[in-house]
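When you read off a place in the sequence shown, starting at 1, and then add 32, the result is the number in our numbering.
Think of the hints as simulated: they come from the structure by calculation, not from any bench.
A couple of the hints might just be wrong.
Distance ranges between label pairs, derived from CB positions [to be verified]: (1) 124 x 60: 16 to 26 Å; (2) 120 x 234: 44 to 54 Å; (3) 156 x 255: 16 to 26 Å; (4) 226 x 182: 24 to 34 Å; (5) 102 x 152: 27 to 37 Å; (6) 216 x 35: 19 to 29 Å; (7) 102 x 161: 36 to 46 Å; (8) 106 x 84: 20 to 30 Å; (9) 156 x 84: 16 to 26 Å.
Source: prediction; values computed, not measured.
Don't be surprised by glycine CBs; every beta carbon is placed ideally from N, CA and C.
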Amino acid sequence: MLTDFFQHLAGSFPALLKGAIYTVLVAVLSMSLGLSLGLFVCLGKISQRRWLRVLCSGYIDVFRGTPLLVQILFIYFGFPSLLQQIFQQPFPFNPLVAGTVAFTLNAAAYIAEILRAGIASLGKGQLEAAESLGLSYFQAMRCVILPQALRRMIPALGNEFVTLLKDTSLLSAIAVTEIVKEGRLYISRTYAAFPTYFAIALLYFALTFVATRLFNRLEERFKIHD
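Based on the sequences and whatever the hints tell you, model everything.
See the structure below:
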């Protein structure tokens, strides 16, 4: 029995490692795109324009207040169905693209709040001082506020990336061949559920462990230059 366990544990890893490529790809792309979109949402939420604050606050509330799985299913199944009804022709959506879009939109909502908290932690004096030197609002944000706030945001951004890595398991619901999907395919061939899910857990732990250590090193590097 123990021999079978280790055989299936080792036998499942090639397929799981193939799935890990998609897991890391979706997490990295979603984090990168979510950081860019989240910055715009954050600036909109702290804008002096009321309509923009309301719009960005609504975006954040919707994506933070609904399950990520529902968002994935809505974008992959619901959105193409709506377009098909409007234009009377099929709109197929690649599951990997749909998953990345869903993760990006979700991550942007959380990252926007991380950025907002980081900016708020500096106080208004920094922005007022920059503007008194003749910098525009966006110049002050780009050159003065964000570089300082970034150091304080690294731990929270690291937590968000680790969360994205783990949440990629939800993409198996739309047939993206990430780690969990590859594991289920292996189980369907071998009926070795326990060693396969054990291997899945080990692989996720390894990915999150490495990601956490990388962000810790990045945080320490910024602290050294304070």
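Kindly indicate which numbered hints from before are broken by the structure, ordering the numbers from low to high. Violated hint (a single one): 4; every other hint is consistent with the structure.
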